[in-house]
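Work out the full structure, taking the sequences as your base and the hints as a guide.
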Amino acid sequence: MDEKNIPIRTYQVCNVLEPNQNNWLRTDWIPRSGAQRVYVEVKFTLRDCNSLPGVTGTCKETFNLYYHESNEDRESYIKESSFIKVDTVAADESFTQVDVGDRIMKLNTEVRDVKVTTRKGFYLAFQDVGACIALVSVRVFYKTCPLTVRNLATFPDTITGADTSSLVEVRGSCVNQSEEREEPKMYCGADGEWLVPIGGCLCNPGYEERGGACKACRAGFYKAKSTDPGCAKCPPHSHSLRDGATICDCHAGFFRADTDPPSMACTQPPSAPQQLISVVNETSVVLEWTPPHRLGGRSDTSYSLECLICQTGSHSHTGGRFCAPCGSDVLFSPGQTGLTTTRVVVSELRAHTHYTFIVHARNGVSQASGAGAAQSVSVSVTTNQAAPSPVSSIQATDVTRHSLSLSWQQPDRPNGVILEYEVKFYEKDQRERSYRIMRTFSRSVDVTGLNPLTVYVFHVRARTAAGYGEFSTPFEFSTNSDPFPLIGEGVNSAFLLLSVSGVGILLLISAAVFIISRRRSKYSKTKQDSEEEKHLNPGVKIYVDPFTYEDPDQAIHEFAKEIDVSSIHIEKVIGMGEFGEVCSGRLRVQGKREIYVAIKSLKAGYSDKQRRDFLSEASIMGQFDHPNIIRLEGVVTRCKPLMIITEYMENGSLDAFLRKHDGQFTVIQLVGMLRGIASGMKYLSDMNYVHRDLAARNILVNSNLVCKVSDFGLSRVLEDDPEATGTYLSPGGKIPIRWTAPEAIAYRKFTTASDVWSYGIVMWEVVSYGERPYWDMNNQDVIKAIEEGYRLPAPMDCPVVLHQLMLDCWERDRAERPTFSQILNMLDKLIRNPGTLRRTGGERYLQCTKAKTEISSSKWSLCEWLQSIGLERYRDTLAAAGYTSLDSLLALTHHEFSSHSLLMALKQTCFAFVDCI
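Once you know that position 453 of the sequence shown is 453 in my numbering, the rest is easy, because the numbers rise by one and skip nothing.
It should be emphasised that the hints constitute simulated quantities derived from the structure, not laboratory data. Just so you know, not all the hints are guaranteed correct.
Claimed, not checked - Result set (DSS-like, lysine-lysine): computed pairs, CA atoms no more than 25 Å apart in a straight line:
id : residue 1 : residue 2
1  : K120      : K106
2  : K592      : K572
3  : K79       : K120
4  : K749      : K609
5  : K572      : K603
6  : K603      : K561
7  : K60       : K85
8  : K115      : K85
9  : K561      : K592
10 : K185      : K120
11 : K215      : K233
12 : K660      : K609
13 : K603      : K640
14 : K85       : K43
15 : K592      : K609
16 : K603      : K660
17 : K233      : K185
18 : K79       : K106
As the list claims (entries may be wrong) - Ranges of calculated distance between the beta carbons of each label pair, as one might list FRET restraints:
id : residue 1 : residue 2 : range
19 : Q410      : K603      : 35 to 41 Å
20 : H239      : F665      : 55 to 61 Å
21 : K603      : R832      : 27 to 33 Å
22 : Y747      : Q410      : 51 to 57 Å
23 : G253      : Q311      : 34 to 40 Å
24 : K603      : P742      : 53 to 59 Å
25 : P834      : N778      : 19 to 25 Å
26 : K592      : N779      : 45 to 51 Å
27 : P834      : D662      : 17 to 23 Å
Think of the CB as a built atom: it goes at the ideal place given N, C-alpha and C, for glycine as much as any other residue.
If you want it as structure tokens, here you go:
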């Protein structure tokens, strides 16, 4: 009977009086069903041996549990030795005869686990060795982690692992209408519990999580992205009529732009601009209007102008008039399209002409399908009389001692019938204090009564019924000293022969003088060749200093091209220059492809000097045409702000670019960059041009790693003075000490040789990937160290041949420095023979190490020690400073060492030097 007094079937044995009992009870074959560890729960009763008289030594209170694995249920007899023992099972509770009489059941429950993984099934066996026992029940089971949903991922019913400490990794699958955010995983523990959830899923667009499942958004709600937290109500002026909406549709008459997020309300195009007024001033029109009454719920309203020339005709398109678009010569300020202001000045119109201007209002949804045409307002005007524009060019022919002939083209905008031209001229030295006027009905005039060999300045202006236009810019022409004309027909052959002979003699004399005066140095022969080539080659262009022009506008128009401001589209600000903002943008010139450009602007409130300095840089750049010199595209001077347009260099300044990509280039690539800079500087030196501020910060790099020299703010022309050897004495001011040659620092004299010194510093910057020259030394320490003979050491992994070229550029005697032509030839040889770049400063490191280990045990002289570490070039400098032996150096205190600029500089050169000291 069980505890409820219900009869149950049991297996019993109670052979306690006989010794050596061996009674077995075996189960049928049990299929494993994929389990790796099974649990056996045994319920049994056991008689207390003490309650049985006369069984001492033969009664037991335990039994044994065994198992045997098998692939099939065919084993009717199994040997005892084939079973594997699981455990000996003892009772927690035992009963006596009194208990049986009182019907008190003392039931024991014991659980044991068995690892079964090699066969399809197994048998269990129970061995009795002399106990009074009854098996009430045997339950065999295995554990699983139950089916569950976690983080919107379903994890199936999973059998636990074979070991009690094992974790079974299980990959979950996303529930319906969801997608993986991160691979969902959990681990099934040995006790059937899920552990360590990782990753999970997100409900698809149009669905949200509710109760562990993804449910569709209800009508009137939407969910655009799976990462959105849940369904949101449709924004204003939109709706969703079905479940599971990912976006809400706009109401009729409302729209959404392609760039608008789904959460943004639907909007409308703006209404037409209001109160358009016009003010005509000769051939210019000022248009002003007020914003539309209805902006459509957006803040990106912009305006565009349409310009039409309208004439009355039978084929009318607009109110009985025939209208055609205005020409490209019409100027709109600040622009014609994409306007955010409500005022535009239209200029360069024709006089006495009917125009119609249409102002369109647009916003982000104006181009949407079904939005209709942009709303607009128009006004018609007629321009007034206007004086003609200035004459653009004047030519002189038939120049003699006392006369010359002038001719010119009609002004670009005559603005009516030209009635006459007026020519004003005067001697250049008189500066308009005394001038003469001539009038003519044709576009030419013969000017007589002039002085021989005199420069005259000429201005021409035209007159219509509206009056005189402005005078042209000044044009200078000189009369002849010979009675025969030099230009045009009738050139005297004898004079030409004498002239050619004279030029030839002068060239021969110049060559002879230059050859005699050449310097004796390791670079003198090649320098002589390059200088002779420069001065004797008539095709070499010579730089003209724009500061020699009295009128800076004349220089800018001679060397730079004027660009229509409407051709420039500014995109973003990329920096601040000395005079104003520097922007990037696009330039589209008619007939050419659109290009990216950099745009320097002159900030408002500038002085005349700032304007002149700003435009002078463009006048300088405009004279250069070389692939390694920054290219000037043009200038904007006819409207404000004034702009300088140059090619766009994607990678910016060289020093910042190298620091950003430290160690990422091969030596050949670095030499290629140096070769480009040297090529650009050779071009400048051939033009007799000194840069004065050559540094890595003033080198720009494009997307193809082409380096181009830029920033000509400190540059000046070389004076053609043999006594001054082509130097320029600066008026003073700040100079970049770390990049400047000693003679330029001391005497403010700049030459191409001082640019070579600066180029050596640039080489050091490039090889060291933008390291600051002379590190944290102040300017005075730098000047003192250079005067005492210190030079920058080779950067890490710098080829010896490159550092030697740097040292050549830093020779104290500027005549000993190489020319840019020689530097370029040297770099070309290195590129053709890259094997010469393999020897680096690592050998110097070994020399230093050897010197450090041997100095303490040797009696070297100071000269021998310096030679062993490769610093023998400093022997004379140290001797002049009073250091003639190693003992004198070893006796230095820390204060004395730190106070001497040369020793401080040497500290950076070789660790053995400072370690030994």
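Outcome of the hint check:
In summary, the hint linking K120 to K106 is not supported, as the alpha carbons are separated by about 36 Å, beyond the 25 Å threshold. With a CA separation close to 23 Å, the supplied pair K592 and K572 stays within the 25 Å bound. The hinted pair formed by K79 and K120 meets the criterion: a straight-line CA distance of about 19 Å does not exceed 25 Å. This hinted pair checks out: K749 and K609 have alpha carbons roughly 24 Å apart, not beyond 25 Å.
The suggested pairing of K572 with K603 holds, with an alpha-carbon distance near 16 Å, which does not exceed 25 Å. A C-alpha spacing of about 21 Å is found between K603 and K561, which places the hinted pair at or below 25 Å, so the restraint holds. In summary, the hint linking K60 to K85 is supported, as the alpha carbons are separated by about 18 Å, within the 25 Å threshold. Among the hinted pairs, K115 with K85 is consistent with the structure: their alpha-carbon atoms are about 12 Å apart, no more than 25 Å.
The suggested pairing of K561 with K592 holds, with an alpha-carbon distance near 15 Å, which does not exceed 25 Å. A C-alpha spacing of about 29 Å is found between K185 and K120, which places the hinted pair above 25 Å, so the restraint is violated. Using a Cα cut-off of 25 Å, the hinted pair K215 and K233 holds, with the two alpha carbons roughly 15 Å apart. The straight-line distance between the Cα atoms of K660 and K609 is roughly 37 Å, outside the 25 Å bound, and the hint therefore fails.
Pair hint K603 plus K640 holds up; C-alpha atoms about 9 Å apart against a cutoff of 25 Å. Pair hint K85 plus K43 holds up; C-alpha atoms about 19 Å apart against a cutoff of 25 Å. With a C-alpha separation of about 35 Å, the suggested pair K592 and K609 falls outside the 25 Å cut-off, and the hint is violated. About 31 Å separates the Cα atoms of K603 and K660, which puts this hinted pair outside 25 Å; it is violated.
For the proposed pair K233 and K185, the alpha carbon gap of about 33 Å is over 25 Å, so the pair is violated. Between K79 and K106 the alpha-carbon distance is near 33 Å, which puts this suggested pair outside the 25 Å criterion. For Q410 and K603, the hinted distance range of 35 to 41 Å is satisfied, since their beta carbons lie about 38 Å from each other. For the hinted restraint 55 to 61 Å between H239 and F665, the CB-CB distance of approximately 59 Å keeps it satisfied.
Taking the beta carbon of each, K603 and R832 are about 48 Å apart, not inside 27 to 33 Å as hinted. Checked against the given bound of 51 to 57 Å, the beta carbons of Y747 and Q410, roughly 55 Å apart, stay inside it. For G253 and Q311, the hinted distance range of 34 to 40 Å is satisfied, since their beta carbons lie about 39 Å from each other. As the Cβ distance of K603 to P742 is approximately 37 Å, the hint placing it in 53 to 59 Å is violated.
The hinted window of 19 to 25 Å between P834 and N778 is violated, with their beta carbons roughly 39 Å apart. Separated by about 47 Å at the C-beta atoms, K592 and N779 satisfy the suggested range of 45 to 51 Å. Restraint check, P834 to D662: a C-beta distance of roughly 22 Å satisfies the suggested window 17 to 23 Å.
In summary, the numbered hints that this structure violates are 1, 10, 12, 15, 16, 17, 18, 21, 24, 25.
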